[in-house]
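Line by line, the protein sequences give chains V and Z. Reading the first sequence from the start, the letters are residues 0 to 301 in numbering that gives the first Met the number 0. Reading the second sequence from the start, the letters are residues 0 to 301 in numbering that gives the first Met the number 0.
For the record, the hints were derived by calculation from the structure and aren't laboratory data. Heads up, some of the hints might be wrong.
Said to hold, decoys possible - List time: in silico DSBU-like cross-link candidates among lysine-lysine, alpha-carbon distance up to 30 Å:
1. Lys-35/V x Lys-268/V
2. Lys-291/V x Lys-241/V
3. Lys-35/Z x Lys-241/V
4. Lys-268/V x Lys-241/Z
5. Lys-35/Z x Lys-103/V
6. Lys-35/Z x Lys-241/Z
7. Lys-241/V x Lys-268/V
8. Lys-291/V x Lys-35/V
Protein chains: 2
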Amino acid sequence: MNESVDREVDGLVRLTATRFRIGFSYDGTDFFGWAKQPGLRTVQGELLAALTVIFGEDPDDFGIRVAGRTDAGVHALNQQAHIELTEQQLDRLGRNRTDIQNPKFLADRLNRILSEDLRVHTVTPAAPGFDARFSAIFRRYRYRIADGLAGQNPLESRFTLHVFQTLDTLAMQAAALEVLGLHDFASFCRPRPGSTTIRELREVNVVRNQAAGNVIEIELLADAFCHNMVRSIVGALIAVGKGQATSADIRATLERASRTESYRVVAAKGLTLVEIGYPADNLLASQAELAKNLRSHDELEA
Amino acid sequence: MNESVDREVDGLVRLTATRFRIGFSYDGTDFFGWAKQPGLRTVQGELLAALTVIFGEDPDDFGIRVAGRTDAGVHALNQQAHIELTEQQLDRLGRNRTDIQNPKFLADRLNRILSEDLRVHTVTPAAPGFDARFSAIFRRYRYRIADGLAGQNPLESRFTLHVFQTLDTLAMQAAALEVLGLHDFASFCRPRPGSTTIRELREVNVVRNQAAGNVIEIELLADAFCHNMVRSIVGALIAVGKGQATSADIRATLERASRTESYRVVAAKGLTLVEIGYPADNLLASQAELAKNLRSHDELEA
Numbered sequence: 000m001n002e003s004v005d006r007e008v009d010g011l012v013r014l015t016a017t018r019f020r021i022g023f024s025y026d027g028t029d030f031f032g033w034a035k036q037p038g039l040r041t042v043q044g045e046l047l048a049a050l051t052v053i054f055g056e057d058p059d060d061f062g063i064r065v066a067g068r069t070d071a072g073v074h075a076l077n078q079q080a081h082i083e084l085t086e087q088q089l090d091r092l093g094r095n096r097t098d099i100q101n102p103k104f105l106a107d108r109l110n111r112i113l114s115e116d117l118r119v120h121t122v123t124p125a126a127p128g129f130d131a132r133f134s135a136i137f138r139r140y141r142y143r144i145a146d147g148l149a150g151q152n153p154l155e156s157r158f159t160l161h162v163f164q165t166l167d168t169l170a171m172q173a174a175a176l177e178v179l180g181l182h183d184f185a186s187f188c189r190p191r192p193g194s195t196t197i198r199e200l201r202e203v204n205v206v207r208n209q210a211a212g213n214v215i216e217i218e219l220l221a222d223a224f225c226h227n228m229v230r231s232i233v234g235a236l237i238a239v240g241k242g243q244a245t246s247a248d249i250r251a252t253l254e255r256a257s258r259t260e261s262y263r264v265v266a267a268k269g270l271t272l273v274e275i276g277y278p279a280d281n282l283l284a285s286q287a288e289l290a291k292n293l294r295s296h297d298e299l300e301a
Numbered sequence: 000m001n002e003s004v005d006r007e008v009d010g011l012v013r014l015t016a017t018r019f020r021i022g023f024s025y026d027g028t029d030f031f032g033w034a035k036q037p038g039l040r041t042v043q044g045e046l047l048a049a050l051t052v053i054f055g056e057d058p059d060d061f062g063i064r065v066a067g068r069t070d071a072g073v074h075a076l077n078q079q080a081h082i083e084l085t086e087q088q089l090d091r092l093g094r095n096r097t098d099i100q101n102p103k104f105l106a107d108r109l110n111r112i113l114s115e116d117l118r119v120h121t122v123t124p125a126a127p128g129f130d131a132r133f134s135a136i137f138r139r140y141r142y143r144i145a146d147g148l149a150g151q152n153p154l155e156s157r158f159t160l161h162v163f164q165t166l167d168t169l170a171m172q173a174a175a176l177e178v179l180g181l182h183d184f185a186s187f188c189r190p191r192p193g194s195t196t197i198r199e200l201r202e203v204n205v206v207r208n209q210a211a212g213n214v215i216e217i218e219l220l221a222d223a224f225c226h227n228m229v230r231s232i233v234g235a236l237i238a239v240g241k242g243q244a245t246s247a248d249i250r251a252t253l254e255r256a257s258r259t260e261s262y263r264v265v266a267a268k269g270l271t272l273v274e275i276g277y278p279a280d281n282l283l284a285s286q287a288e289l290a291k292n293l294r295s296h297d298e299l300e301a
């Protein structure tokens, strides 16, 4: 059973369409983020242009929706989105139409059109109730820092922040525990009118990865992140790592629950969305309803 | 004991200088190779410009010499070079002059000037007899291919060749054994007048790296490589992996010992110089003499 949806086109005709789930990755360096913007190269814009080559113009942007709306310069591995294709669009595949069931078929077609900094891994018919954004139950981000103790690998410089000082990772991990849990993260979010800043941060790990030349990796997992939340928390942790702030400072900032600008929002280049979590298929629809009510006004995340 | 050398400047004055060994890495994507060229961004050019900021103009380019003269687009990890600094130049460090013994001191000074796609790891006084190029006893290169079976990671696309087909790595490894050993590699070298094409290829391994998303890594180790040798051999192995050539074809090509153009010189982007090997300190000088006589006319390698 696939997800079949009604699509409104030009506010007039309703067409039955099949929803497809897309798994993809990108090097965010040369993109102005996910969201389509006139005249700018964006991930959404490139994906839509490639879909248009294959399926023709779509007035509703193929009903595309993404799990993590990343900012300019932020990277993604295993990003998830969905699109909706009508019977008429699928018929354009001609005698290859049944190949759409093969997860690699449309992925390869798209990859032949896209640049190498954006790769589609799989395109599969979505399970009933699946919504790439609202069915998601968690997002995992990783921030990479090469500090004074770490090896400098220029092949990784596009996705690693370089800091000359040596950071105290134990102090950073201790401070990270202060923000763990369900909190109002207003102090770490760029505010958006009408949108909540309450989030559940379920994991924050600060690890010096010896196998990767002693680079520091900070992994954060939450139900969702408000805008700039990961980069603000990482900025605060770096201040702790440099000895410029303490765990108590971080706790006080969190408890203030208002945007303080006291810590730097660190550079986008070090940030990668690494995983989107979904529940079992039978919970996809109810999770989507729940999240839609909670976060319908949140437009940007990372 | 450090290596102390006599430097001729402007063909007139001879100055005593100390030779320093530099370990560094670069993402070759945005460089026109190692060798300095007017008006083009090259690794040598950037290093010399940074040295000039610290030590002032040097008419002899600081006597710089590199172990592996990489082509445009080729990357390097753990590349090695040497430079020579006169007493007058070292005096410009002022009260930090003695810090030059700390391998990170000049490296950090250079990194603050250089772009992040070129990183200097260490600068140390060279052992007596050390010559970055001629003392080297082996060079190791790695070629990375993401084929139909491999995961596509756009964060690695700058240093990985993408091939849509699935390559037969077992057939590639079998064919690789045909070129192993001491041979005249004329069939796989871009010819240079007066320069030998006899090389000893000591290792060729074709491995599908499961930990790295099933990417194919081809590692080659030789005393030295003639120009385009790695990329020609990899091109031949890819033809084998696609079923377009056999081990016997590769052997026949090698035995012909003349440039045939029958296999593609693959794209530079997949190629990374990963290691330069040197003998024990007491053999540095004799190895340098030996190699100078063998290969004084070879200018380009990868």
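Verification of the supplied hints:
no.	hint	verdict
1	Lys-35/V x Lys-268/V	holds, 20 Å
2	Lys-291/V x Lys-241/V	violated, 40 Å
3	Lys-35/Z x Lys-241/V	violated, 39 Å
4	Lys-268/V x Lys-241/Z	violated, 37 Å
5	Lys-35/Z x Lys-103/V	violated, 44 Å
6	Lys-35/Z x Lys-241/Z	violated, 37 Å
7	Lys-241/V x Lys-268/V	holds, 20 Å
8	Lys-291/V x Lys-35/V	holds, 21 Å
Violated hints for the displayed structure, listed by number in ascending order: 2, 3, 4, 5 and 6.
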